[in-house]
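J.: The residues making up each chain are set out below.
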Amino acid sequence: MENVLQKIAGWIPLLPLIGFFINGLGRNLLSKKAAGFIGSITVLFSFGLSLYVFFIVNGGNTYLAHYFDFINLASFKIGFDFKIDQLSSLFLLIITGVGFLIHVYSTSYMAEEPPKDFAKYFSYLNLFIFSMLLLVLGGNYVIMFIGWEGVGLCSYLLIGFWFKDTNNTNAANKAFIMNRIGDLGFLLAIFWLLAKIGTVSYDEVFSAVNLARLSVTDIGGITLLMFVGATGKSAQIPLYTWLPDAMAGPTPVSALIHAATMVTAGIYMIARSNILYTMAPATQVVVAITGLATAVLAATIALKQNDIKKVLAYSTVSQLGYMFLGLGVGAYTGAVFHVMTHAFFKALLFLGAGSVIHALHGEQDLRNMGGLKKYMSVTHVTFLIGCIAISGIPPFSGFFSKDEILAAAFAKNPVYWGIGVITAAMTAFYMFRLYAMTFLGKFRGTHDQEHHLHESPPAITFPLIALAVLALIGGWVGIPEVFLHSGHKLEQFLSPVFAQTNTYVEIHHLKNELSHNTEYILMGTSVVLGIIGIWYAWTRFSKYERTDLKSTTGVNNLLENKWYVDEVYDSAIVNPLKSISLFFNNVVEKKIIDGFVNGVGRAVNYSSRQLRWLQSGQVGAYVLLMVIGMLLLFIIQLFL
Amino acid sequence: MDIKAYIALSLTLFTIGIIGVLVRRNAIIVFMCVELMLNAVNLLLVAFSKMHSASIAAKTSLTFASDAQIFVFFIMIVAAAEVSVGLAIIVMMYRNTHSIDVNFLNRLKN
Amino acid sequence: MLGTYFTFPELLIWLPLVTGITCFFLGKEKLAKDVALIASLITLGISLISLCYTDAKYVTYNYVSYVWLKFVGNTFYVGLDSTGRLLTLLTAIAFPMIFVATYKTKQQKGASFFGLMLLMQAGLMGVFSAMDALLFYFFWELALIPAYFLCSIWGGEKRIQATFKFFVYTFAGSLLMLVGIIYVYLHTPGRTFEDGTYASHSFALSSFYTSSLSAPDQNWLFWLFFVAFAVKMPVFPFHTWQPDTYDQAPTGVTMVLSGVMVKMGLFGVIRWLIPIFPLATLHFTHTVMILCIIGIIYASCLAIVQDNLKKLVAYSSIAHIGLMCAAIFAMNEVSVQGVMIQMFNHGINIIALWIVVEIIERKTGVKNISLLGGVAQKAPVLSIFLVVIALANIALPLTNAFVGEFLMFTGLYKYNGWYTFAAAVSVILSAVYTLRMIQKVFYGKTNPVTETITDISLNEKLILAVLVVVIFVVGVYPQPFINLTKEGVNSLVAVLKS
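Chains as they are written, first to last, in the numbering used here: chain A, 1 to 640; chain B, 1 to 110; chain C, 1 to 498.
Derived from the structure by calculation, the hints contain no laboratory data.
These figures come from a predicted structure and were not determined experimentally.
By construction, the Cβ of each residue, glycine as well, lies at the ideal position given by its N, Cα and C atoms.
Incorrect hints may appear among the rest.
Said to hold, decoys possible - On the chain A side, residues computed to face chain B include the following (Cβ under 10 angstroms):
| # | residue |
| --- | --- |
| 1 | Gln618 |
| 2 | Val619 |
| 3 | Gly620 |
| 4 | Val623 |
| 5 | Leu624 |
| 6 | Val627 |
Unchecked claim - Cut-off 27 angstroms, straight-line C-alpha distance, at most; resulting in silico cross-link-like pairs (BS3-like, lysine-lysine):
| # | chain 1 | residue 1 | chain 2 | residue 2 |
| --- | --- | --- | --- | --- |
| 7 | C | Lys378 | C | Lys461 |
| 8 | A | Lys120 | C | Lys497 |
| 9 | A | Lys196 | C | Lys363 |
Said to hold, decoys possible - Ranges of calculated distance between the beta carbons of each label pair, as one might list FRET restraints:
| # | chain 1 | residue 1 | chain 2 | residue 2 | range |
| --- | --- | --- | --- | --- | --- |
| 10 | B | Ser55 | C | Glu141 | 50 to 60 angstroms |
| 11 | C | Glu141 | A | Lys590 | 22 to 32 angstroms |
| 12 | C | Tyr209 | A | Gly595 | 56 to 66 angstroms |
| 13 | C | Ile38 | A | Gly24 | 29 to 39 angstroms |
| 14 | A | His508 | C | Val425 | 36 to 46 angstroms |
| 15 | C | Asp55 | A | Lys77 | 19 to 29 angstroms |
| 16 | B | Ala8 | A | Ser616 | 31 to 41 angstroms |
| 17 | A | Tyr606 | C | Pro216 | 34 to 44 angstroms |
| 18 | C | Ala172 | A | Tyr622 | 26 to 36 angstroms |
| 19 | A | Phe206 | C | Lys497 | 26 to 36 angstroms |
Excised from the complex, chain A in its bound form:
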């Protein structure tokens, strides 16, 4: 049994890797159909295997698969291990499931690319799935890190997919470098672990013996550094600015990498290390506040954006902030739950936006859309479902996960809850602003565009429908206790992963239980605020007409320019780095070090020039010198 599981777990990431090699090496030979088919089918098989693994794990089995020794030294040993447990199997399902749908979607969305680029695109996508699977399957932090950097690389490659445009490659560089800053934090955390306890394997790190060997500072430092890693990958303050720029990539990529999977890696990491975070309350506060601040900041920016993908990008940042809030207040299940539902509805929204962009031949500006309802009914309905789900209206999936996080936040500190709920209202507002400006009112684009408006082909609508269904019912695995006794199937499923934390919390009495009445009030408030947000957006934007009037009030400007964060980073970090490098190059290197070296050369040259006068070329002078020298020697010999 275990042997079979080991093999199957190995094949899950291996299949996409094979797809990557076939598509990558054969990109000149493969037709578009073949490339798309290979890309999708490998992920589909992985999904099938993931389902199998899920059912085995659901039966209560977990397993650590050891393949070979990655690094084996006297001081420590790092195995190439896969950990198959509830958490990883859940992520496997999300990644391969949503991944497969997006692959199918891409076969149609990218159809206009030449065959070579088409195959290249699918090979990158498969490589991404491989890395992401490695990330969640890894049985220790090093394997996680391998996947962690791997997904960053794929993200870089896919953002810069259309590399002729410098803006795209700039965005790609920005994404990679920002991620790299985070990765450094993660890496340092790994070094710290290795130096202190000599192991990085989850089972060993979380064992009671090793936890006892870590001091409070150690745990605090390690968790903080890991969180730095998470802020990079999951786009939190201060490293979030790459994600909106990453929208330069193809839309399915945004859906897969920059909404559903890669950006949730940080949440996975913290959920995986839950016991460490529970033992570091200071870090938890940092995580919660960062998450909350990011949620608010991104939501305010999203209010004013006019690019359909930018709105969704900021919304993603904001939702990720929610997840970190959940992690920070100890609602690990809630955060993972939100990862899942968010993967459904955000992928849906992005794919819907892609469908719209596709229909409008690349138009992304909301002000040039409108009235698409009657041309694209499937896209319209599914998009609407996505919007409702993200706004937290029951019984759509977003309601359950968001509510769980908010309830936990309230239990920790009502201020968290207050800010969270206001953010939720903003979310509802900007999502329906987006919806209304796209689908309601009159079409504001060119006649040429209007003439070509059409519903997208089945390869695009099928994933939309599938995701819409999931966005609708996906939350029902986590129905809160107040509605249905033991309705929270997900919590029961994941409980072994968080068992250690739960015991710790119980021993230290860290949990504040909420009464059922409080919970009803909290839910009611958030739903009502959400509906107000929707209503307000609907009234303001359902009959939106394009005006050239630019509002120039301070707040408006601030929000439209994204709080000028990019500019601040430029002047605080990028430019000083450049000028110090130039200073090194022009002054230190050329003047000081080379100056010194050349100075030695010049000194030798100069003194030789002076000595040259002794060499007159007259034989007599030489002989005289010789005689004087001999006399001197005699004198020294005789008299000294």
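With chain A held as given, fit chains B and C onto it using these hints.
T.: Relative to the frame of chain A, chains B and C by itself:
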């Protein structure tokens, strides 16, 4: 005869040789002065050899008494070789420059 | 045959030496080129075979000692041990790669070019296998002197200036080392040979290890040796010869210099400096480490603003070497193991990088980043290779450099956390300059310079593919390489513990 007389004669000859080398510009004269210096040394070597031949060391060692005189022969042979090479050079020098002034030949410079 | 008539180190040294000298007399460039290529391939074969005989029971295959200058206590003692073996393998891999990659480049007086190259290879092999100080110095110079000629005769426009700088730096270092060797030699115990000859001192490595040096003596001798090695590596502030030389030397020579020859410095520290002067090493660890870390950050910053592709690679190499040097001085099992692996990996990566740079320069005639652009459209295969190699250079996981850097940083962290924080900034900076290079050279629109560029030919593809395979094999399954060098690491760490 007192050894001091030999030393004095030898030193005088040597000094004349040095001064000659230093002040004269005619290559032949310079050459002759070099020979003079060599012979001054020869004279001294022979004188000392003679002086020491009566000592005890000379009786115990086979070569002790004759060492210096063998040196003298070497010097004379070397000097002869030198003369033959040196004079040839001077002749060549004269053919090329029509001068045997040593200061004229300062091509080592530059 | 083996063990009685020939041993591996002998074969590795004599084969290039003899063919190298033969090349001088061949006259024809084409013939010399082929002879050199075949000789280097055979050397590679021997080196690969030698990997199968690492066990202690094959000691007669790996060590040999001849009588040579017995009266000064010297023997011609060469051997392959676990420290040197991986580096001889690197040397053996590097040369055929270079010969194939530069096969199409026309050389004036080509026969001598290949002769000198092979002499250099013989010298490098000797440095990595010498078990005797005098021999070590001899091979050290044998490796360096051909490099001077190669740079000054076949280099770029400013070759004389660059070579002169290179010469002055390295030669000053070498002479200091020679003084040091002689001083240590005079403090070694005497030794009696099998035939009864007695020498009052000895040049043997083992005698150097057991020399009776007081702590103050060690302190100044340490610097004599360290400067020689530091110039070679190079460590800040001894590095300014390197960018100029890499820029001006013919590409084949640059590959040897950066891929293999810089390892002479690191190897010297591991084999000679630390075991001979353990007290001084402990005394100066912080000084050296701070120099290294300054160098890492400084060179990374410089790489960010370079416009010359070759200088960019040079500065990136300085940063990487700085990290390796720092890791050696952290002196624990993990960090030294990382260095051992990374010396090999860095060699492979940087040679691959130079091959790509050389192809670009040959095809476009420029090496300025600002003049290039859009190469990926015209030469996709080349671009893929470059991206893979560049990413290996910045130590992305599953490439070889990740294993090395990971171990080095972990070891460094064990030694001192703050140094690690500072050094690890280079992880970010390296991404900055590498991505900038990829973006400016390969992405974007084509311009008149890159309009006519064609994709790479089959032999170039083959070479780069081999290197990329090596990159991934070491990156995914590094354990065999770790096992290969484990012994050397343990003995070095043991020296310092006692």
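J.: Each hint needs a verdict: does it hold in this structure or not?
T.: Checked hints:
With its C-beta approaching chain B no nearer than about 5 angstroms, Gln618 (chain A) sits inside the 10 angstroms limit, and its interface hint holds. Using the Cβ-Cβ criterion of 10 angstroms, the hint placing Val619 (chain A) at the interface with chain B is satisfied: the shortest such distance is roughly 5 angstroms. Interface restraint check for Gly620 (chain A): the shortest CB-CB distance to chain B comes to about 6 angstroms, inside 10 angstroms, so the restraint holds. For Val623 (chain A), the suggested interface contact is upheld, since its CB lies about 6 angstroms from the closest CB of chain B, less than 10 angstroms.
Interface hint status for Leu624 (chain A): upheld, as the beta-carbon distance to the closest one in chain B is roughly 6 angstroms, under 10 angstroms. The restraint placing Val627 (chain A) at the interface with chain B holds, with a minimum CB-CB distance near 6 angstroms, inside the 10 angstroms limit. Restraint check for Lys378 (chain C) and Lys461 (chain C): satisfied, since their Cα atoms lie roughly 15 angstroms apart, inside the 27 angstroms limit. Between Lys120 (chain A) and Lys497 (chain C) the alpha-carbon distance is near 53 angstroms, which puts this suggested pair outside the 27 angstroms criterion.
Pair hint Lys196 (chain A) plus Lys363 (chain C) does not hold up; C-alpha atoms about 52 angstroms apart against a cutoff of 27 angstroms. Remark: the range hint 50 to 60 angstroms for Ser55 (chain B) to Glu141 (chain C) is upheld by a beta-carbon distance near 54 angstroms. At roughly 30 angstroms, the beta carbons of Glu141 (chain C) and Lys590 (chain A) sit within the given window of 22 to 32 angstroms. Range check, Tyr209 (chain C) to Gly595 (chain A): Cβ separation about 40 angstroms, and the 56 to 66 angstroms hint is violated.
Taking 29 to 39 angstroms as the suggested C-beta distance range, the pair Ile38 (chain C) and Gly24 (chain A) conforms, at roughly 34 angstroms. At about 38 angstroms, the beta-carbon gap between His508 (chain A) and Val425 (chain C) stays in the expected band of 36 to 46 angstroms. For the pair Asp55 (chain C) and Lys77 (chain A), the beta carbons lie near 23 angstroms from each other, so the given range of 19 to 29 angstroms is met. For the pair Ala8 (chain B) and Ser616 (chain A), the supplied restraint of 31 to 41 angstroms holds, since their beta-carbon distance comes to about 35 angstroms.
A beta carbon spacing of about 35 angstroms between Tyr606 (chain A) and Pro216 (chain C) agrees with the range 34 to 44 angstroms that was offered as a hint. Between Ala172 (chain C) and Tyr622 (chain A) the CB atoms are about 31 angstroms apart, so this pair conforms to the stated range of 26 to 36 angstroms. Between Phe206 (chain A) and Lys497 (chain C) the beta carbons are some 32 angstroms apart, a value that agrees with the proposed interval 26 to 36 angstroms.
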